[in-house]
Amino acid sequence: MREILSLVLMAIGAAFMLIAGIGLLRMPDLYTRMSATTKATTMGVGSILLAAAVHFGEPAIVARALAVIAFALLTSPVAAHMIGRAAYFTGVPLWRGTVIDELRGRYDRR
Amino acid sequence: MSLILALVLTFVLAAMAPRLHGLLREASGWVLALWPLAWTIYLGGLTGRITQGDPLYIRYPWMPQLGVSLSFYVDGLGLLFGLLISGIGALVLIYSGGYLKKHRHLGRFYLFILSFMGSMLGLVLTGNLIALFVFWELTSLSSYFLIGFEHEREEARQAALQALLVTGIGGLALLAGLLLLGEAGGTLELTVLLERGEALRASPYYLPALILILVGAFTKSAQVPFHFWLPNAMEAPTPVSAYLHSATMVKAGVYLLARLSPALGGTAAWQIGVTGGGLATMVLGAIMALGPSDLKRILAYSTVSTLGALTFLLGLGTPLAVKAAMTLLLAHALYKGALFLVAGAVDHETGTRDVWKLGGLGPSMPITATAAGMAALSMAGLPPSLGFISKELLYEAQLHALHLPALLAGAGVLASALLVAVAGVVGLRPFFGHPVHRTGHLHDPPPSLWLGPLLLGGAGIALAIAPDMAASPLTTAAVSAVLGKPTVVELRLWHGLNPSLALSALTVLAGAGLYAAQPFLLDIAARARLKEWAARWGPQRGYERMLQGLNALATTQTRLLQSGFLRFYLMIIILTTIALVGSTIAIREPLSRWMGRIVDARPYELMIVVLMGLATLMAVLTSSRLAAVAALGIVGYGVALLYMLFGAPDLAMTQFAVETLTVILLVLVVYRLPRFTRLSGRPARLRDAALALAAGGMMTALMLMVLSAPLKSRLAPFFAANSLTLAKGRNVVNVILVDFRALDTLGEITVLAVAAIGVYALLKLRME
Amino acid sequence: MISLILSTATRYLLPLLLLFSVFVLLRGHNEPGGGFVGGLVASAALALYSIAYGVAAARRMLRIDPRALIGVGLLIAIGSGLLSMARGLPFLTGLWVERELPLLGKVGTPLLFDVGVFLVVIGVVLTIIFALSEE
Amino acid sequence: MTLEVMAFPGALSILSLAMALAFLRLMRGPSLPDRVIALDLIATLAVGMIVLYAMAIDQPVLLDVALALALLSFLGTVAFARYLERSYRP
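Protein chains in written order, with the numbering used here: chain F, 1 to 110; chain G, 1001 to 1768; chain W, 2001 to 2135; chain H, 3001 to 3090.
Misleading hints may appear alongside valid ones.
As the list claims (entries may be wrong) - With a straight-line cut-off of 16 Å between C-alpha atoms, the simulated EDC-like cross-links for lysine to aspartate or glutamate are: (1) G:K1728 x W:D2065; (2) G:K1357 x G:E1396; (3) G:K1101 x G:E1026; (4) G:K1728 x W:E2031; (5) W:K2106 x W:E2031; (6) G:K1728 x W:E2098; (7) G:K1101 x G:D1347; (8) G:K1764 x W:E2134; (9) G:K1102 x G:E1150; (10) G:K1764 x W:D2065; (11) G:K1485 x G:D1054; (12) G:K1357 x G:D1347; (13) G:K1102 x G:E1026.
To be clear, the hints were calculated from the coordinates, so they are not data collected in a lab.
Throw the hints in and build the complete structure from the sequences for me.
In structure tokens form, the structure reads like this:
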């Protein structure tokens, strides 16, 4: 039973990772790519780690796996924020088809 | 025990000399002279024992693993030299006290003179080849300081450097020779080596060792063609010329030849090299002695000639020749020392050393004149002086030489005749010739300046009159040491009517003739432009051209290699590595053997490797620096992943950490770098590409070679087994790092520390 | 232009990371880790802090100058070696405390040496990073 | 369970495929931030691979390597971002 669960989780994780890769390649501009990769990778790594937690089972290992998950959850959005912000400030163009840019005019450009 | 203590004390005294001079002021010369005097008495005390053939042998282990020990072996030869060094040393110290009285650096002068004396005594008394070499180099060093004592003058500095370079190169050759000798003889101890003469002469190392040692001896004893540094060394203050460059240091080469003759002597190579070299120097030195007008340079050339005679006699190696050599050695040290000191005294009083400007000083400087007269008598080889006895023995040795005695005797007469003329020029003309100099206020120099020459000149005569009292036992001991078997020497003033006496008479007549004809001879030489010819082709010119060549090479090499461009340095480093490693691989390893090992890799491993390859390509092709940094990051992560996949989690963690910090550092550095001013042109890029490919190829070949080499190292099992028991840790990698090979890690973190401080300094430097 | 989000994240991340680096250091003897990696992780964390709050703040937080840290690290490393010499054993021989301490496990001079390495690595990396990022 | 054993190489290959895609973005990425994101994705993929590999060879200790890499890659991205902001000259 546990094996099958970890297998399923692993498959989900791998799938998410693949989607992240595809999204990174197919998306038209930086910001949409970022949204794809950040969400997908967090989910992907998360579920692979869960698979590992289930696979090993001992409390110490599970705690470590959860620590990594928590860490990934905390850091990857911050990283994405930093990159997005730096890109926006340095004038990376939005996609032609963008409907609305809520940030325009809100930041006092240096 | 007392010998080594005495030697060490000599150096200690040398160190204290400047302060002592500060305290004692005037009397420092006299007081310091007491120490060499003590040495003379100490060595004198040993004569009784040594003449009975019982050499003193003390041995202290210095570098046991290398077989080097600070051992002392005092036999007849060592004793003769020791007495000369310490005896004349004492007189020279007294003399320099007076001669350099007003000099502000007199204290430093004593330091150099005493340290020279210590190293010279060490040289002649030691029984180990390496210790001998160390003292040998010390004498060259102290001679460098002494020649360049008046360092304000350019000529003095140049002469000092010349002497150091010539004797230095000789010293290097000597070291090689001695080591070869030690190798051939199986020991570095002199006493043992001298008994293994046969084995040494037969060994393949004999010829190279002999040549190297001869180069060392010939440069030190100023044999032709290495003689030019000695006349130039006359830039040194006169006491130095008297002590080093006539009585002791220049005889070190002769001492070495005498010391090693039982082991190395007797072969054809020895005969030709030593005898030939000696003969040429004897004759050429004497001829050149007539040229100069400066008193000291004349004496220097005549010393070169006598050194040649000594080498020539040691080359012959017959008992008669060795007897003549030892007597000549003693006689020459006495009269040449005296004449140099007289020259100093004359210079001190009249202010000039030009032979043509001096004359008729006898009446106003009676004591110096008598001393000069006695010394000149011995130099000219007239009875009743020791010089006369040594010349008689020289002729006997030449007449009884094995082959072509007539030629040898002829050369001997020519050289001696020239020396008689020189003796006249040096000893007689300034004192008894027609007065040229205004003699008004001239008077004898202070006692410290005439005591030395008087004693030395007098000894030359006294030892001849009563040879059995001191001269005979000393020479007996010395000769038996050199020949390796006990021989008795009976010095007699009168040998009865025999051919050598006739030769002596002939020499004196010829000498007088040459003395009278000297002005005429100089004209011929001037017309034949001998001086210019010698200046252009002589060894001095060779030496200067060699130096210029060396400097030119240095400048071109520096301009070539130190171009200031970082990438140029990188290129050279990589090129040399490729050349060295590549050639070894090409020679050692047949390429085919390790090609077929790459097949068993799993899909995702291959994917990582492919990615790394692409990333490298991208890093090379991209023009944006940060893209290159990112690509390199990929390569680093790829390597870390491979570490993990091949079971090295420690390494993987470290590699990830290092990789990320490198990225951070590169980002910070790139932030500071100015924009690219101009990218390198096509040819430059192609060259760099080729270089990079070659380097990469070489590394791959190296790796594959390592992989195919069978690893039967016994370390891995040892560490695996003991990691838990001894070091209480299961993680072998860290246990090795921190416990078994902690010293290496200590070294590494120190290197890290130094690197960090270096980077910090560079950055802070740029900030200001 | 310090981003608020980064600085708040760092305020939580820093203790976690430092803890992790010490954890890696202490169990280095039995599992992958050790002074070197621990040092790198710790210096990465402090570099993050300097990026988030600026170099001046990071220097203040660290209180002692990174170069002094290098010195202290080296001293500890050599000191741990000298301890065994005091016992008459050759330099750097491993000495161990018999009792096994609850948290740290087996304690001995190699661990002390590892702490020395840890501090030196932090000192080195921070010296360079701070020097580079200082304006 | 052969299924179990066969799954690991499969998952690892999928991840390496995703890595190849990310690499394409890294190559093509017009602006620098694109490349940074690609690098970040590759790093996270590496974390995934480490965890998978840890499961494959039953070495839970590798999770620490994963954690270390997650921390460090985050730091790399932040450093890039910081640099981008500071060096921007309009």
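How the hints compare with the structure:
Distance check on the hinted pair: K1728 (chain G) and D2065 (chain W) sit about 34 Å apart at the alpha-carbon level, beyond 16 Å; violated. Restraint check for K1357 (chain G) and E1396 (chain G): the C-alpha separation of about 39 Å exceeds 16 Å, so the hint is violated. The straight-line distance between the Cα atoms of K1101 (chain G) and E1026 (chain G) is roughly 7 Å, inside the 16 Å bound, and the hint therefore holds. For the hint pairing K1728 (chain G) with E2031 (chain W), the CA-to-CA distance comes to about 12 Å; that is within 16 Å, so the pair holds.
Taking the CA atoms of K2106 (chain W) and E2031 (chain W), the gap is about 13 Å. The hint holds against a cut of 16 Å. Note on K1728 (chain G) and E2098 (chain W): the hinted pairing holds, with a Cα-Cα distance of about 11 Å set against a maximum of 16 Å. Of the pairs offered as hints, the one joining K1101 (chain G) and D1347 (chain G) holds, with about 14 Å between alpha carbons and a cut-off of 16 Å not exceeded. With a C-alpha separation of about 10 Å, the suggested pairing of K1764 (chain G) with E2134 (chain W) holds against the 16 Å cut-off.
About 13 Å separates the Cα atoms of K1102 (chain G) and E1150 (chain G), which keeps this hinted pair within 16 Å; it holds. In summary, the hint linking K1764 (chain G) to D2065 (chain W) is supported, as the alpha carbons are separated by about 15 Å, within the 16 Å threshold. Note on K1485 (chain G) and D1054 (chain G): the hinted pairing holds, with a Cα-Cα distance of about 13 Å set against a maximum of 16 Å. Distance restraint check for K1357 (chain G) and D1347 (chain G): the Cα-Cα separation of roughly 11 Å lies within the 16 Å cut-off, and the hinted pair is therefore satisfied.
A hinted pair counts as satisfied when its Cα atoms are at most 16 Å apart, and K1102 (chain G) with E1026 (chain G) qualifies at roughly 10 Å.
When held up to the earlier numbered hints, the structure conflicts with 1, 2 and fits the remainder.
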